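**Q** Residue numbers (numbering that gives the first Met the number 0), protein chains in the order written: chain A, 0 to 149; chain B, 0 to 136; chain C, 0 to 398.
Keep in mind that the hints are not guaranteed to be accurate.
To spell it out: a stretch of chain C is covered by chain B in this simulated footprint if at least three of its residues, at any positions, have a beta carbon under 8 Å from a beta carbon of chain B; those stretches are [claimed, not checked]: (1) 45-51; (2) 54-67; (3) 139-152.
By construction, these hints were calculated from the structure, which means they are not laboratory data.
Every value quoted in this text rests on a predicted model; they were computed, and no experiment measured them.
Ideal Cβ positions, reconstructed from N, Cα and C, are used throughout, including at glycine.
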Amino acid sequence: MDIEKYIVDIKAKFPEIKNTKVVNTKRLMIYISKTSLLKVAEYIFKDLGYRYIIVTAMDSKEGFEIIYHFSDDSSGWIINLNVLLPRDEPEIESLTPVVYGVEWIEREIMDLLGIKFLNHPKPERFLFSEDWPEGEFPLRRDYKEEKNNG
Amino acid sequence: MGFKEKCFKKSLWVFHLSAGSCNNCDIEILDCLTPRYDIERFGMKLVGSVRHADVLLVTGIVTRKTFPRVKEVYDQAPKPVVVIAIGTCPCTGGIFKDSYNFAGPLDKVIPVDAYIPGCPPKPEAMLAGIMKLLNKK
Amino acid sequence: MGKRTIVPLGPYHPLLEEPEFFKLYCDGEIVKEMVWETGYNHRGIEKICQSKTFEQVFYVVERICGICSTSHPFAYANAVESIPGVKIPLRAKYIRSILGELERIHSHLLWVGLAGHFLGYNTVFMWAWKYREPVLDMFEIITGNRNSYAMFTIGGVRRDVSPEQATQLLNVLENVKIKTDLLVGAVMDDPVLHSRLKGVGILTAEDIHDFGAVGPTARASGVDIDIRRDDPYAAYDLVDWKVITAQGGDVFAKAEVRLLEMYESIKIIKQCLEALKETEAGDIKAKVKDIPAGIGIGRAEAPRGEVFHFVKSDGGNSPVRHKIRAPSFTCIPTFRRSCVGGTISDAAIATAAVDPCYCCTERMAQVYDYTTGKKIMSAAELIKLSQDSMKKLKAKLKV
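For reference, chain A alone in the conformation it holds in the complex:
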C-alpha cells in the first residue's frame, strides 16, 4: 500500500483529521476528535471495507485514549483511529451503528474504565459479577487494588 498517498487522500477527504503518524512498520495512527469518529470509521469500514479488529482503551496521562483498530488485509497495514477523551468527561458515541461487532468491546470498556458509550444498544455489565461495586474501574490509574482483591 502506498501509505503516503493514502494519508494524503484521507486527509483531503476528512480535513478535520488532527494528525497522522506511521508507527513502526505497517501501522498508521490517525488522530481524530470524537465528533469525527463515526464519519471516518464508516469510510474505513464500509467504503474501504477494512476489517474491524478490536478497540483498545486506556487511561493515559493526557486523558482516556481510545484506539479503534482496522485491518487492511490486502496489504497487512493496520489503520488505527485514535480519539482522546478528557478525564472529566469520558463519553463518546457508540460505534455500533457503523460497526455492529463493537458491541461487546464497548461494554467491556465500560466495565473496566468507566467510559460511557452513548446510545449503546445494550449498556449492561459485561464482565463483572453482580456484587462488583459500582464505580470501581480496575484499569483506571487511580484504581486501588486492595479494596477488591478477594
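Following the hints, complete the assembly by docking chains B and C onto the known chain A.
**A** Chains B and C alone, transformed into the frame defined by chain A:
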C-alpha cells in the same frame, strides 16, 4: 472399613467443574479419558451431572462470578464427595493471585481433599494424585 | 481486560454443566434469540501484565488459553519486538513457526474430536485425541512441557531444536499425515455428515465482516484472510504454503478448512526443519537491551484466527497497557447469525463449528422457552439432542 471406603469400593464417577480456568488443566483431564491414559479401565468415568458424582475435580482460580456457583455445585453433590483441586490455580491462585477478580483459592470456598499442583499437571500426575488419595482411605 | 478472560467454564467439554453463558431462547424447535453472559473466566490478565516485566508477561499470556498457548506469546513477541525494531535470528524464526504450526495441528485434532463427540461419533473423538498424543509428546521433547511451553522470549526463543529432535518430529509428522488422511476420509466422504452438516450454521461473507470474524470461521465463508500471509511474521514468508478457504460458510465448510489446514501445517514444519540445517545451531536469540517508550501492535494466526496484542511502553520495565484480543471474541458473536433461525438440535454443532476457545469464551448453552422464559434444556441435554438427531438421520439414510 469406614463409610467413605465402603462407598468408594465401586467405580468412581467424576464430575469436572471449571471455576475460571485457562483450559489447560481441563483438556488434560479430558485427556485422561482418551486411549493413552484411559481412566475407564480403573472404573472411573466423567459424568454430566454433579448429582451422580463421587469425585469433584475443580480447575481454575475461583473468580468472583464462579465463587457462588462452586459452592452451589458442591452443595448439590451427594455426600460423601471427594474434592480435588487440579492445577496450581485452585491450589493457590498461581500467577492470578493478585488479580482483582480472584476470589479463591478453592479451599476458601469448599473443603478440599487433595491438591494436585502443576500448570498443567500431566495426566499421570493427576492419576497418581487420585490414586494416592483413594489408597489413603 | 478482555479476552483472556472471557469465559470458558471448563473446556469445551460437552459433559460440562456450567452456568449459562449463552442462553438460547426457543419457540418450539426454532432458536429465536441468543443472549450471552460472560465474565466467569475473567482473570484480570491485562492488569496483571502491567505489574510484570516485559519478559515475565510471556508466561502470563501463554496461560490465557491452554490450547492457543503458542499464539498469544507469538503475537505478544511480535508486538513488543516491534517497539525497538528487533531483528530476530533466522533460526529463531523457523523454530517459532514450527511451534505455531504444531499447535495448529494439535488444536485442529482436538476440535475434530470434540465435534465428533457432539455428533455422537465417539470413535472419532477417541481417535483424534489419541493421534494428538504424539504431537504433545513432541512438544514435551522440544520444550519440556505438553502445554504452556515457555519457549518465547524477547529476541527469539529459549530452547534450540536438536537434529535428533528434528528427526523425531519428522517421524511423528509422517504418522499424523496418515491419520489425517483417515480423518479426512471419514468426514468428507460420509453421506450422513454431509446431510447433517451442510447448510447448518451458515455465515455469509457479510456476517463475517460485520463481526470482524477471523480464522477458519471466516475462511469457510470464502473470506480469504490469514495473518501468516497478509502480515507475515517469523518464517511464514520464507516457506511455501497456501491459505485454505471453502465456500458455503456452513459447519461442513468449517470442518473442511480445519482438516485441510493440517496438511499445510505439516508442509510448513517440514520446510522449516529443512531450513534449520542451514542456520547456525544455538543462534536463537537477539540481544535486546531495553524496550523504549512507544507502542507495538503484533498479530499471529492462532488455530482459531487472528490474535491481536497491543503493547504500550513508557520506557520502563513493564507495559503500561497491554490489550489482548483473542479470535473467539469476534467469532462467538456470530452465533447470533448462525444459530438464530435454526433448530435447537443444530445449535450445538453450529456453535462448536466456530471452535470457540473457551478461555476466550464461555461455554455451554442453555435453552429457554421464548414465551415463558423458562429453562427447558441444559447444555448436556442440548448435546444429546444433537447426537440423537444424528442417529435418526442415519436410520433414515439406512447407513
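**Q** Hint by hint, say whether it matches the structure.
**A** Structure-based check of each hint:
1. 45-51: With 3 residues close enough to chain B, the hint holds.
2. 54-67: The restraint on the stretch 54-67 of chain C holds, since 7 of its residues have a Cβ under 8 Å from chain B and three suffice.
3. 139-152: holds (count 3)
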